[in-house]
Structure formats: C-alpha cells, structure tokens
Amino acid sequence: MSKKKKIIILTSMVALLAITAVFNFILTNDGISITEPVAQTSANYFEQYRTERLSSRNEELLQLDNIIASSESMPDELSTALTMKTNLTKISEQEMYLENLIKAYGFSDTVVCIGLETNNINVITKSENLSADDAILIYTIIQEECNVSPENVKIIPIS
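With the working numbering as the guide, the letters of the sequence shown map in order to residues 3 to 161.
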C-alpha cells in the first residue's frame with residue numbers, strides 16, 4: 003500500500019471518529035439547553051436521595067433479618083440486631099412523617115435525615131429564598147416532634 007493511500011485512510015478514520023463524537027454528543031443531550039440541567043439536578047436530588055436512602059435501609063434491614071434468623075447468633079447479637087431494626091424502622095417513619103409535615107406547611111420538597119447514633123437532624127429543603135421565618139418554622143416543627151436542641155438541627159436550603 004502506498005503512503006498516499008495510508009494517509010487518505012487515516013484521515014477518513016479521523017473524520018469518522020469526529021463525526022461519531024458529534025453525533026454521540028447530540029444524541030445523549032437530546033437538545034437540552036445549558037440552563038435546564040441545573041433545574042433538573044435540584045429537582046432530582048430529592049428523589050435520588052430518597053431512593054438511595056430506601057435502598058440502603060432495605061439492605062441494612064435485610065442484614066439484620068439475617069442475623070435475627072440465624073440460629074448461630076449469640077443472645078447479645080440477637081438483642082442488638084432487634085434493637086437496631088426497631089431503631090431503623092422508627093427513624094424511617096419519623097423522617098417520612100417530618101418530611102410530609104414540613105411539606106404541609108408549604109415547602110415544595112424536603113428531605114429529613116435523622117442520625118442513627120446521634121441526635122443530629124438535617125433538613126434539606128427546596129427553597130429559592132429561605133427566610134429566617136421559614137427556618138424558625140422548620141425548626142419549630144422539628145423541635146415539637148423530636149424534642150431536640152437547636153445545635154443538633156441543621157437546615158440546608160437548595161434552590
């Protein structure tokens with residue numbers, strides 16, 4: 003094969019690679035504008051977090067169920083597993099209750115994270131402009147339902 007044919011073939015392959023890259027970019031973005039992914043990301047944050055939390059909790063509960071069902075478990079392990087399962091279930095129910103309660107007060111979306119081994123509660127809420135009154139309202143809801151001190155509550159707005 004001559005040098006000229008090799009250069010033509012190589013140039014054609016590079017051109018095809020460039021065209022493939024352009025088509026890949028166009029097809030994967032589906033014509034989404036640059037400003038749209040930011041709004042979509044914040045909207046998906048809450049659903050993604052809930053999905054990951056549910057998956058993680060289900061895995062933890064499955065492991066605890068295996069310990070509880072195991073005939074080889076020591077009495078201490080069994081007692082610890084039952085206590086942890088009860089605590090996880092209680093925390094999950096409390097998080098869901100608080101999220102729905104905060105939404106009932108007019109916040110569009112909220113995620114509540116209660117620590118398993120600590121008294122910390124994080125509230126992540128979708129809010130363009132979280133005012134001091136809004137933060138006080140959220141804190142009041144958390145304080146009334148969970149009876150925690152202010153230093154253990156963190157409110158994080160996401161726009």
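Hints listed in this document are in silico derivations from the structure and should not be mistaken for laboratory results.
Careful: at least some of the hints might be erroneous.
[To be verified] Calculated pairs, DSBU-like style, for lysine-lysine (alpha carbon to alpha carbon, straight line, at most 30 Å):
#1 87 x 5
#2 156 x 105
#3 87 x 105
#4 128 x 92
#5 105 x 92
#6 92 x 156
#7 128 x 105
#8 128 x 156
[Said to hold, decoys possible] Simulated restraints on C-beta separations:
#9 56 x 7: 26 to 36 Å
#10 75 x 142: 37 to 47 Å
#11 74 x 118: 21 to 31 Å
#12 57 x 99: 16 to 26 Å
#13 47 x 117: 15 to 25 Å
#14 50 x 77: 33 to 43 Å
#15 106 x 150: 49 to 59 Å
#16 73 x 147: 38 to 48 Å
#17 158 x 67: 46 to 56 Å
#18 63 x 133: 22 to 32 Å
#19 134 x 47: 18 to 28 Å
#20 151 x 73: 10 to 20 Å
#21 63 x 99: 10 to 20 Å
Idealized CB from N, CA, C, for every residue including glycine.
For each hint, the structure was consulted:
1. Restraint check for residue 87 and residue 5: not satisfied, since their Cα atoms lie roughly 72 Å apart, outside the 30 Å limit.
2. A hinted pair counts as satisfied when its Cα atoms are at most 30 Å apart, and residue 156 with residue 105 qualifies at roughly 17 Å.
3. Simply put, residue 87 and residue 105 have alpha-carbon atoms about 27 Å apart, close enough for the 30 Å limit, and the pair holds.
4. As the CA atoms of residue 128 and residue 92 are separated by approximately 25 Å, the hinted pair is consistent with the 30 Å bound.
5. Pair hint residue 105 plus residue 92 holds up; C-alpha atoms about 20 Å apart against a cutoff of 30 Å.
6. In summary, the hint linking residue 92 to residue 156 is supported, as the alpha carbons are separated by about 20 Å, within the 30 Å threshold.
7. For a cut-off of 30 Å, the pair hint linking residue 128 to residue 105 stands: about 10 Å separates their Cα positions.
8. At most 30 Å may separate the alpha-carbon atoms for a hinted pair to count; residue 128 and residue 156 meet this at roughly 14 Å.
9. The hinted window of 26 to 36 Å between residue 56 and residue 7 is violated, with their beta carbons roughly 60 Å apart.
10. In this structure the hint that residue 75 and residue 142 lie 37 to 47 Å apart at CB holds, the actual value being about 43 Å.
11. Checked against the given bound of 21 to 31 Å, the beta carbons of residue 74 and residue 118, roughly 25 Å apart, stay inside it.
12. For the pair residue 57 and residue 99, the supplied restraint of 16 to 26 Å holds, since their beta-carbon distance comes to about 20 Å.
13. Restraint check, residue 47 to residue 117: a C-beta distance of roughly 20 Å satisfies the suggested window 15 to 25 Å.
14. Hint check: residue 50 to residue 77, Cβ distance near 40 Å, so the stated range 33 to 43 Å holds.
15. At about 20 Å, the beta-carbon gap between residue 106 and residue 150 misses the expected band of 49 to 59 Å.
16. Between residue 73 and residue 147 the Cβ separation comes to about 40 Å, which falls inside the hinted range of 38 to 48 Å.
17. Between residue 158 and residue 67 the beta carbons are some 33 Å apart, a value that contradicts the proposed interval 46 to 56 Å.
18. At about 38 Å, the CB distance of residue 63 to residue 133 disagrees with the hint of 22 to 32 Å.
19. About 24 Å separates the C-beta atoms of residue 134 and residue 47, a value consistent with the hinted range of 18 to 28 Å.
20. Judged by the Cβ atoms, the range 10 to 20 Å given for residue 151 and residue 73 is violated: they are separated by roughly 43 Å.
21. Range check, residue 63 to residue 99: Cβ separation about 18 Å, and the 10 to 20 Å hint holds.
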